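Number of protein chains: 2
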Amino acid sequence: MTDFQPPLSGSAQDEAKELRPKFNSDGLIPAVAQDSATGDVLMMAWMNEEALRQTIETGEATYFSRSRGKLWRKGETSGNTQTVNDILIDCDQDTLLLKVTQKGPACHTDRKSCFYRTVTSGGALSFAE
Amino acid sequence: MTDFQPPLSGSAQDEAKELRPKFNSDGLIPAVAQDSATGDVLMMAWMNEEALRQTIETGEATYFSRSRGKLWRKGETSGNTQTVNDILIDCDQDTLLLKVTQKGPACHTDRKSCFYRTVTSGGALSFAE
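Residue numbers (our numbering), protein chains in the order written: chain A, 1 to 129; chain B, 1 to 129.
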């Protein structure tokens with residue numbers, strides 16, 4: 001795979017048969033990771049062009065760390081890798097959904113998922129695990 | 001609920017027992033909607049403070065439309081509303097996950113989910129439905 005094709009507009013983008021990812025003004029696109037086996041949403045992170053290219057080519061989820069300003073192959077230090085089974089893209093191609101096989105916990109807090117707190121009506125958070 | 005409390009840093013934010021949403025420089029936070037019944041990820045959209053407040057208070061998913069520059073109660077024109085069963089927030093509180101009961105299709109293309117295309121290794125898209 002070489003460069004990505006540019007986005008189209010409106011319904012042409014919605015019905016496009018080729019990948020035309022819409023990166024934001026920082027050159028990034030959000031990627032939601034979902035556990036293929038359980039359906040649990042694990043985390044959301046960002047990809048730049050190179051991260052998306054590497055994810056497609058290697059089948060291992062690779063993101064762009066906004067805090068560190070560099071590519072980050074998920075699990076490269078923790079060992080908690082994400083093997084990508086499917087990559088989906090939404091209608092206007094500005095969000096990715098990765099169906100993954102997660103090794104170990106997905107969250108840096110050592111929890112299975114980053115979404116471990118529920119918002120209660122008063123604005124307090126209730127811990128799910 | 002009045003104003004949201006400001007984000008903390010590092011592990012204090014990860015372990016906070018109160019909602020301290022981290023809005024981006026445009027005042028927005030991404031919200032992933034997941035079907036409570038099927039586990040399908042339906043869409044990703046953005047919320048500003050007021051959208052999040054209304055979603056918590058009314059139990060109906062309300063987003064901020066970046067293209068129209070205004071609040072958008074999901075389904076207000078299409079009738080395809082999202083009743084919110086749970087709102088989860090991630091470790092650093094910069095992404096929301098809504099577990100919803102979706103009425104009708106979630107996508108403006110009349111598909112059940114916005115994620116109806118899979119990326120193939122060559123960069124073509126395969127339609128799932």
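Read the hints as simulated data drawn from the structure, not as lab findings.
One or more hints might be untrue.
Repeated chains share a single entry, so a pair holds when one copy, or any two copies, can fit it.
Derived BS3-like pairs: lysine-lysine, alpha-carbon spacing no greater than 30 Å straight-line [as the list claims (entries may be wrong)]:
id	residue 1	residue 2
1	K112	K17
2	K70	K103
3	K22	K70
4	K70	K112
None of the values given here were measured: they were computed from a predicted structure.
Outcome of the hint check:
| no. | hint | in the structure |
| --- | --- | --- |
| 1 | K112 to K17 | between (34 Å within a copy, 19 Å between copies) |
| 2 | K70 to K103 | within (22 Å within a copy, 40 Å between copies) |
| 3 | K22 to K70 | both (20 Å within a copy, 22 Å between copies) |
| 4 | K70 to K112 | within (24 Å within a copy, 35 Å between copies) |
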